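Peer 1: So the number in this note's numbering is just where the residue sits in the sequence shown, counting from 1, plus 42.
None of these hints come from the bench; they were simulated from the model.
The model shown is predicted, which means the values in this text are computed figures rather than measured ones.
Note that CB positions come from ideal geometry on N, CA and C, so glycine has one too.
Don't take every hint at face value.
[Claimed, not checked] Cut-off 30 Å, straight-line C-alpha distance, at most; resulting in silico cross-link-like pairs (DSS-like, lysine-lysine):
no.: 1; residue 1: Lys-180; residue 2: Lys-99
no.: 2; residue 1: Lys-237; residue 2: Lys-264
no.: 3; residue 1: Lys-154; residue 2: Lys-107
no.: 4; residue 1: Lys-237; residue 2: Lys-99
no.: 5; residue 1: Lys-180; residue 2: Lys-264
no.: 6; residue 1: Lys-318; residue 2: Lys-307
[What the hints assert, rightly or not] Here are the simulated distance ranges between beta carbons:
no.: 7; residue 1: Gln-203; residue 2: Ser-259; range: 31 to 39 Å
no.: 8; residue 1: Cys-344; residue 2: Gly-207; range: 15 to 23 Å
no.: 9; residue 1: Glu-183; residue 2: Tyr-228; range: 17 to 25 Å
no.: 10; residue 1: Met-49; residue 2: Gly-100; range: 34 to 42 Å
no.: 11; residue 1: Lys-180; residue 2: Gly-348; range: 45 to 53 Å
no.: 12; residue 1: Gly-348; residue 2: Glu-183; range: 40 to 48 Å
no.: 13; residue 1: Pro-206; residue 2: Arg-368; range: 53 to 61 Å
no.: 14; residue 1: Pro-206; residue 2: Ser-311; range: 43 to 51 Å
no.: 15; residue 1: Glu-175; residue 2: Asn-47; range: 51 to 59 Å
no.: 16; residue 1: Asn-47; residue 2: Gly-100; range: 57 to 65 Å
no.: 17; residue 1: Pro-206; residue 2: Met-43; range: 20 to 28 Å
no.: 18; residue 1: Met-49; residue 2: Asp-326; range: 31 to 39 Å
no.: 19; residue 1: His-205; residue 2: Glu-175; range: 26 to 34 Å
no.: 20; residue 1: His-261; residue 2: Lys-99; range: 43 to 51 Å
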Amino acid sequence: MNFINNMTEAVGHTPLLKLNKIGKDVGANVFVKLEYLNPSGSYKDRMALAMVESAEKGLTWNGKKLDPDGTICDVSAGNCAPALAFVCAVKGYRAKLGIYKPMLKGDGTRLKIVSAFGAEVHECADPSVYLGEEDSQKFLEEDHDLTYIMAGKKEMFEYEQDHPGSVWVDQIYNPYNYIGQKAIGYELIDQLDGKIDAFGCAVGSGATLLGVSLALSEHNIKPFTFGIVPHGAETYVELEHDESLKGQFSVSSVGRKLIDSLKLKKWQSEKSIVEKMLELGYPDEFFRITSEEARAMANRLCSEEGIYCGMSSGANVCIAMRIAARMDVGKNIVTMIVDRRDRYLGEYPNDKFIV
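Could you build the full structure based on these sequences and the hints that come with them?
Peer 2: Right under this line is the structure:
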């Protein structure tokens, strides 16, 4: 007999696909890890499971242990919320997940997914609640999305303090985010016999790029690494040029100012995953990409390769193809198909590439 006992056992061990149609005109091989086949529909299932299981052991930023009747809380505009809701549903925990509603468009499909898993969906307060009207407006003009993100994090920080049975997993700073993603690297080593010449993906929290890079490095595999951010909306990373080499990018200065203004003491004393990633020298190169470029490639992946994916996956493959074009014949370039397209259908054709 061959079966699993619960759906968390279905997380990971995703197939690796060679892009034989889209990649036919380059000499290098372009592979995609099909992370959209995870149970909740995205690569975030790995990190959600790792963060919840670490909380069960008390391996949290403040040593707080998740009780059997406890609550997991965090904020997300993307795939983290459905992934945490899924893991909590399987394990029997409550989940309180804040959503930055102004950052969502269309019919709110991601909200419906989170609710379907039984989580409590909470619309985050306006940033002015924590920053005041004047400072809030100033920061919103500098970086709209990041201002909502940081204010939402402040809200979860306070929620955990006020509710003893809750654990804030804080994906942007939680080391078990990238530790959970290391399994992708181990699987790639097995799938390609360790022959990995380049790896990269879109950078949000930085956990996937850092986790995979660390896993490969443990086996003395050191590929060229590349990171991808939306053009004109680098949430956590600032680039000095359209395509930035190592040493020409940094952690968002707006983010630092927001942390101080919000008095987010936890973040003032810790390093984010992005900061750790940059300090360790990853990635070798950053690329910007527009929503139009990402959408066009996502459409090609659907119509030519049969991969039902969203725009972040399109962005990943678009840049992977650029890397493949400048590498020798037979080299292996790997990137990610991170999630399913159906959670964005309500936003199409006005969907945006965000991380």
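Peer 1: Run every hint past the structure and note whether it holds.
Peer 2: Cross-check of the supplied hints:
For the proposed pair Lys-180 and Lys-99, the alpha carbon gap of about 41 Å is over 30 Å, so the pair is violated. Between Lys-237 and Lys-264 the alpha-carbon distance is near 10 Å, which keeps this suggested pair within the 30 Å criterion. With a C-alpha separation of about 29 Å, the suggested pairing of Lys-154 with Lys-107 holds against the 30 Å cut-off. Among the hinted pairs, Lys-237 with Lys-99 is inconsistent with the structure: their alpha-carbon atoms are about 36 Å apart, more than 30 Å.
Between Lys-180 and Lys-264, the direct Cα distance comes to roughly 42 Å. Violation of the 30 Å bound is thereby established for this hinted pair. Pair hint Lys-318 plus Lys-307 holds up; C-alpha atoms about 18 Å apart against a cutoff of 30 Å. For Gln-203 paired with Ser-259, a C-beta distance near 37 Å keeps the hint of 31 to 39 Å intact. Distance hint check: the CB atoms of Cys-344 and Gly-207 are about 43 Å apart, inconsistent with the given range 15 to 23 Å.
Under the hint 17 to 25 Å, the C-beta atoms of Glu-183 and Tyr-228, about 43 Å apart, miss the expected range. As the Cβ distance of Met-49 to Gly-100 is approximately 24 Å, the hint placing it in 34 to 42 Å is violated. Distance hint for Lys-180 and Gly-348: a CB-CB separation of about 47 Å, consistent with the stated range 45 to 53 Å. In this structure, Gly-348 and Glu-183 meet the distance hint of 40 to 48 Å, their C-beta atoms being roughly 42 Å apart.
The hinted window of 53 to 61 Å between Pro-206 and Arg-368 holds, with their beta carbons roughly 54 Å apart. Between Pro-206 and Ser-311 the beta carbons are some 22 Å apart, a value that contradicts the proposed interval 43 to 51 Å. Under the hint 51 to 59 Å, the C-beta atoms of Glu-175 and Asn-47, about 52 Å apart, fit the expected range. The hinted window of 57 to 65 Å between Asn-47 and Gly-100 is violated, with their beta carbons roughly 25 Å apart.
A C-beta distance of roughly 43 Å is found between Pro-206 and Met-43, which places it outside the suggested range of 20 to 28 Å. Hint check: Met-49 to Asp-326, Cβ distance near 37 Å, so the stated range 31 to 39 Å holds. The given range of 26 to 34 Å is respected by His-205 and Glu-175, whose C-beta atoms sit roughly 28 Å from each other. For the pair His-261 and Lys-99, the beta carbons lie near 26 Å from each other, so the given range of 43 to 51 Å is not met.
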